[in-house]
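Chemist: If you want the building blocks of each chain, they are given just below.
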Amino acid sequence: DAKTTQPNSMESNEEEPVHLPCNHSTISGTDYIHWYRQLPSQGPEYVIHGLTSNVNNRMASLAIAEDRKSSTLILHRATLRDAAVYYCILNNAGNMLTFGGGTRLMVKP
Amino acid sequence: EAQVTQNPRYLITVTGKKLTVTCSQNMNHEYMSWYRQDPGLGLRQIYYSMNVEVTDKGDVPEGYKVSRKEKRNFPLILESPSPNQTSLYFCASSFSFPGPRGPQHFGDGTRLSIL
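Chains as they are written, first to last, in this note's numbering: chain A, 827 to 935; chain B, 18 to 132.
Be a bit skeptical, because a hint or two may be false.
As the list claims (entries may be wrong) - Okay, derived cross-link-like pairs now, DSBU-like style, lysine-lysine, Cα gap no bigger than 30 Å in a straight line:
hint, chain 1, residue 1, chain 2, residue 2
1, A, K829, B, K74
2, B, K34, A, K829
3, A, K895, B, K74
4, A, K829, A, K895
5, B, K35, B, K74
6, B, K88, B, K35
7, B, K74, B, K88
8, B, K74, B, K34
9, B, K35, B, K82
Stated by the list, open to error - Cβ pair distances, simulated, as ranges:
hint, chain 1, residue 1, chain 2, residue 2, range
10, B, P56, A, R903, 38 to 44 Å
11, A, E892, B, S97, 51 to 57 Å
12, A, T831, B, P78, 22 to 28 Å
13, A, A891, B, E96, 43 to 49 Å
14, A, N839, B, E96, 37 to 43 Å
15, A, T905, B, D55, 28 to 34 Å
16, A, S835, B, A19, 27 to 33 Å
17, B, Y27, A, T856, 18 to 24 Å
It is worth saying that the hints were derived from the structure and are not from the lab.
Being a predicted model, the structure only gives us computed values, none of them experimental.
Each residue gets a CB set at the ideal place from its N, CA and C atoms; glycine is no exception.
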């Protein structure tokens, strides 16, 4: 299975944009890029997903590199409630999500 | 409200005593799945189901059983629990068509402790 690489942790100031990187150099042409986040004591929560084009929704934006070997999740204005572990995942045909270690985002007031 | 409901949320039990963790979704999703989450190992898939009466093994199926008799329910069964099954368990569901690529919705988790 194609794997993803993310930094273990990142820090941000409240109200500032956050760019969370993800490398997936072995991605296949049919793998979708999904982002989930997990707040303390909760189940993972879907954030956004895409295939080739950049995507925007009410939670975040997803920027996908032209060669698809990397992507960036963008939170436009971080709030304290955005402090969570963010997972970048490649979705295979069986719909199995393989969660790696994720990036722990800390937001400072 | 669209949701995935797991019960119980917490359970402490003893080795060998059969238990069932229920999972129910109200979104008419075809696909349902069970994961376990352990420190340092992330989430790992146990079993999944593409539709009623269709189930398959994930990465770590040993010691678990599932059934999918109805679309909304996907119980996880531990016939003879052992301490290495102490973990945090999550159920998830999603649409399978037009392709199993859509977002998965997760329950709030069940914390199992097997003594």
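Chemist: Work down the list of hints and note, for each, if the structure agrees.
Modeler: Going through the hints against the structure:
1. For the hint pairing K829 of chain A with K74 of chain B, the CA-to-CA distance comes to about 20 Å; that is within 30 Å, so the pair holds.
2. Simply put, K34 of chain B and K829 of chain A have alpha-carbon atoms about 37 Å apart, too far for the 30 Å limit, and the pair is violated.
3. Simply put, K895 of chain A and K74 of chain B have alpha-carbon atoms about 29 Å apart, close enough for the 30 Å limit, and the pair holds.
4. For the suggested pair K829 of chain A and K895 of chain A, the alpha carbons sit about 11 Å apart, so the restraint of at most 30 Å is met.
5. Taken as a hint, the K35 of chain B and K74 of chain B pair is honoured in the structure, with Cα atoms around 20 Å apart against an allowance of 30 Å.
6. In summary, the hint linking K88 of chain B to K35 of chain B is supported, as the alpha carbons are separated by about 24 Å, within the 30 Å threshold.
7. This hinted pair checks out: K74 of chain B and K88 of chain B have alpha carbons roughly 18 Å apart, not beyond 30 Å.
8. Straight-line distance between C-alpha atoms of K74 of chain B and K34 of chain B comes to about 23 Å, which keeps the hinted pair within the 30 Å bound.
9. A threshold of 30 Å between alpha carbons decides the hint, and for K35 of chain B with K82 of chain B the separation of about 11 Å falls inside it, so the pair holds.
10. Here the CB-CB span from P56 of chain B to R903 of chain A is close to 31 Å, at odds with the stated 38 to 44 Å.
11. Range check, E892 of chain A to S97 of chain B: about 52 Å between beta-carbon atoms, so the 51 to 57 Å window is met.
12. Roughly 27 Å separates the CB atoms of T831 of chain A and P78 of chain B, a value that falls within the hinted 22 to 28 Å.
13. Taken as a hint, the range 43 to 49 Å holds for the pair A891 of chain A and E96 of chain B, whose Cβ atoms sit roughly 47 Å apart.
14. Taking 37 to 43 Å as the suggested C-beta distance range, the pair N839 of chain A and E96 of chain B does not conform, at roughly 51 Å.
15. Here the CB-CB span from T905 of chain A to D55 of chain B is close to 29 Å, well matched to the stated 28 to 34 Å.
16. Checking the proposed 27 to 33 Å range against S835 of chain A and A19 of chain B shows it holds: the Cβ atoms sit about 31 Å from each other.
17. The hint said 18 to 24 Å for the Cβ distance between Y27 of chain B and T856 of chain A, and at roughly 39 Å that hint is violated.
Going down the numbered hints, you'll see the structure goes against 2, 10, 14 and 17, while the others check out.
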